[in-house]
Every structure is written in structure tokens, then in C-alpha cells.
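With the sequences and hints as input, model every part of the structure.
Below are the chains, spelled out letter by letter.
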Amino acid sequence: MLDLSKYQSIGEALRDALDQYANEVCLIEADREREKERLTYRDFKERAHPLAKALQDAGFTAGSRASIIMTNQSKWLISAYAVFFTGGVLVPLDYKLTPDEQWQLLKHSSATVLITEYPIWRQLSASPGRAAATNVQTVLITEAPANADLAGAKRWEEFRGTGDPVFVVRKRADTACIVYSSGTGGRPKGCMMTHENYLEQCVALTSIYPFWPGVRYLSILPTNHAIDFMVGFFGPFTCGAAVVHLRTLRPEYVREAFSKYKITYVSLVPLVLKNLQKGLQARFDALPPGKRNIFDALIGLNKLLTKSRPRLGISRLLLKQVHEAFGGELRAVIVGGAFSEPQTLQFFYDLGIPVANGYGLTEAGTAITVNDLKPFRADTVGKPLPGMEVCILNPAADGVGEVAVRSKTVMAGYLNEPELTAETIVDGWLMTGDLGRFDGAGHLQLTGRKKNMIVTEEGKNIYPEDIETVFESLPVKEFCVFAANYIWPKRSMTGEKLVLTLHLEPGQEYSEEISQDINARNHRLINYKRIHGVVLLDEDFPRTASLKIKRNVLAERLAKLDSSTAILPL
Amino acid sequence: MRTLEQTTQEVLDLAAKHFQLPAGSLAPGDDFFKKLGIDSLQTLEMLSRLENHFGIELPDYEVQGVSDFKTLAERIQSRL
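Chains as they are written, first to last, in this note's numbering: chain A, 5 to 574; chain B, 399 to 478.
Zero decoy hints are in this set.
So the derived label-pair ranges between C-beta atoms look like this:
| hint | chain 1 | residue 1 | chain 2 | residue 2 | range |
| --- | --- | --- | --- | --- | --- |
| 1 | B | L419 | A | I298 | 36 to 42 Å |
| 2 | A | D153 | B | R477 | 17 to 23 Å |
| 3 | A | G165 | B | A421 | 57 to 63 Å |
| 4 | A | G391 | B | E460 | 40 to 46 Å |
Hints listed in this document are in silico derivations from the structure and should not be mistaken for laboratory results.
Ideal Cβ placement from N, Cα and C applies to all residues, glycine included.
Structure representation (C-alpha cells):
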């Protein structure tokens, strides 16, 4: 691994990695059963440098911002490297957002360059949101068909400069990426992540889960997500490892990839992990009684032998068929993005497949705590990573309080939001809005949320303010969306739901017509952003002098209602 | 060549069979996340079934944001 303490920027470290590991494979890209691409670090450099030169020729310079909206693939990483090489700031956006949401964030970020895929550009270029984002001057699109209407964009494949690009030096404190942790509808939260944030996070994470040449990481989580950016790009690249991309995320091709490419690490969201568990459990249950008894005995033996630490060699020997289904080389599954149920984590560990569960926030530079497997604990989110100071603010009698973090990995702040930044980072401590406590062994246990938001099992952070626009002009006196747990706190980080609070007009009834209207509007939202119920409140919502709803005061009033009867299902 | 109506009906029949629902219990305008109570992963499994049935490949981006059978059938129809 490169000694990252010597480096000032992501671009500088990646530049040296491309030379140091020139002959190692860095990227494999597959589309269904077809392998589309296999690149060495040398090939990667040969693809990236002409792009970097063309960007420079087009006036892209230190501090210029370029956004990438792409599914996981080699061109994502090649483009990102070209941006860093030229001293630019990367704005990775979620390809699953709607075109209007993407334009909003493009405008907010002041990106001048957009790099995207033809199918995404087809939607984006036709969206009315485009008119407002005049800052986007250059659009590069990949894989456009020969006769396609490019709608003002240029072909990524043809955007190549001649001659060598000039490497642009950046300092550790400079912004490397603007990562949106939320805010597509209300107040965009663009986390300004510095080069130091990434360099320090990489050192901390790889000290526990190392990469080296020959390691293969299966990149499934979107690369715009902080986790995949770190463990599916920067981490493996600075260690000479390879990243495997799948253009189709159908379960059968994902399953096949494990054995076909001998995957070492993979990151998954809890939903996918649970689905894998379900599939495996069904196969175990279908075993004839004799075989099942032997299998259960082998699991029992494995549990005994791996009680204090993982022993991959022994587990692979005892539970050969299970491990072969995962390619036989899997060292750990990294699970993140949302809270995982302990019994799912334990299920995999008992099979000899360690699950690296942890806890993190984009604002904190990905991971804050991680399970170090010494020994494995399914009931916690692990211990703080090296370099992380974690404390519990104002703990109650049971030790539970808000989790706060201080480290070199904490973001510089939110873009264009000094007040929000000041509320979030106080005296150098990042207020996470999550509730938790430390146990006697120094492991963090999360118990709930203080903030008005939900995290789905797919790892999506949903803020109520971001979905309220869809209910605008609803024929009621006033409305407000809440996370149910924010109103009625419960000691859980799973099964979180959003509810719509309504104050009807005097004499108005909650009719079938209103219910249908709400349902129709709800369906305009992507499935994981939808509300799950309605709460009626027959009083005026408390408001500020500028007529904004005082959400915390309203939540206190709603809390007096009985949640078991107050939430009307849709 | 199938008509869009035929394609839609085959999509509904196949989805009902895949999720063990009575034939005719699904309608073109139904939101499959809500009606079937499925998550994004189960949707991908259903898509694989549909691809095999129609003998086509539906790239992931084509079904991005689609949540009702009618739109899904239209996307399939455009690839037949």
C-alpha cells in the first residue's frame, strides 16, 4: 500500500498508484455473462490522461467542479481520476434521482462539467430543470449510439486531448468532493469533503480491512455513495487491488460474479444481505434430514472454533459448499448505509463469512466505527476506527445520548450553508443526530435517532422536507411530513416510516377523495420515499414569525397521541 | 408481433404466477411495489423472469423509476 501520509491529495496518491501497480489488474467490467473490459493500472492511465488533457484544454482547472452521474462502471473511475488529476472538485450524484432533482443539485454545486451516460442524458436533456442549471457548460456522454441526438453534449469516447496533461497540485485542506447527503427537495446538504478526509479515512479503514494486489472488490453500491467511493475506488487503488463492476445488478448475475471473479470483499446494504440470508436459509431448510443434521453439526463446530476470531481456512474447509458458492475467496462482507439486524450478521458469521458492520455518515467521511472481529459482535456497530474520537453527549441514566465525532475525516462543512454547518459541527465535534451508548468493551450500540429522518434498508437517507413538495396544494388547511420515530421515539433503527400529518379545514372530513389524492401523489415519489400513513391533528400548526412550521413543537404535540391508533394506514 | 395489450396481459399473468397470486388479480395501472409488497431486489428477480419469457434484455436503466405494470409493459414492447 502507498504511504498515504506522504500525500497531499487524492489525485497525487492515485497518480503514483497507477505507476507503482502498472501491471496489476485494476478494473473488470461485466455485463451479464459477458466480460466487457479488463484494465491494468497502465491501461487505466492510458484511458484517463487524454480525458484529463481534453478537460484542461477546455479550461478545466484547479477548483473547477465536475459532476458524474453514472451507474457503476470503469468510465466512472477513469473520469473521476481525470478530474482529480487536473485539480478539479468532483460532484458525484445519485443516478437514481429524478432528472429534476439532478439538475437542482447540479445548479447548487456550480459544476461546469457533467459526465454521464447516454440513457441518463436522454432523460436529463429533456427535463425542464435543465434551463436553470446554466453553470453546466460541458456535457460528456458515454456509449451514445452512432446516430443518437446528443442534445448539445459531446461523446466521452471522442473527448481526448493530445499530449500529456499537467498534474495540478492540491493541498490537503482543499475540497476534493462535494457529496450530497440529502436535500433534493428542500435545503441541499452538499458535504464538502477535503483531500485530507479521504486520505485519513483510507488509512484508518485499510488498517482493519486491508487491500493488496490480487484482492478483488465487487462494487455494487453506487459509487457516488461514500462507502463505495472509498472501498470501491480510492482504497483498492492505493493498494493495487482490483474492482469488479457489473452493469446489470440482477441477483443471478451478482451471485455468479462471486465465483466467476473470486471476489475478496463486497459491500452490501442490509436489504441485500437479508435477501441473501433468506435464499441460503431456504436452501438449508430443503436439505434432507440426515444431511441437515451433519450440516448443523458443522456449523456448530465452526461457531466454536471461530468464537474468538475468524478462521477463514477452517471455515472454508468445514463449510466448503457454502464458501464455494461465494467463490471461495471471500474474506468479509462490508455492510453499510443502514442499520443491520444482529441476527442476520450472526447468521453469516456462523457460516464463517465475517460481516464488517459499522456505523458512519457522509459528513464524517464514511465510517466512524467498525467491527474489528476481535471478537465478532453482532449486537454492536463496533469500536471507533483509529483516529476517531467518539463521545456521547448528555447521556441519560442508561448511558444513551447523542453520538458526536471529532476526527480528520469530518467534512469541512455544507456547501453555501454556514448556519447549518455551525449547527452540525460544534467546536470541532460533528453532531450525528443518532442516539447511542458505549458498552463496557468500548463498542458503540445505536439505539435510535434524534433527527427527523429515516434510513431505509436499502441505505437511503430520507428527510421529510425533501418529499413535501409532492403534497403541495393538497386540499387541506395545512400538512407536514414526519419520521414516525421522531414523534414517537422507539429504541430501534429499523422499520422506520414516514407519516403525513394533516390539519383539515373547519368542517372538512378525511374523505375517500382526499385519501385517493394522497395516494396518487404518494405514487409520484420513488417507492422508498413514500409515506406509510396519515395522522390527523385538529389544531393549527405552530409556526415561526416567517410562517415556517415549528417541526419540533408540532412533533411534541403529536407525541401526545397514541401512535397505535393515530396513524391511519393508506 | 404482440400488441401492447397482449404484452401487458402477459406481464400481468407472469407477475401473478411469480408471486403466487390468483390470475386476474393484477391490473395494468397497479403499482407493483405496493400491490405485491415487494422491494427493489424482488423487482429485479421479476424482471429476469420477464426477460426470459419475452426473450429480450432490459438494461437496468430502462426500468429505472418504473413502478407500474403498464409502463413496464411499454418498455418491454419497445424491445420486442
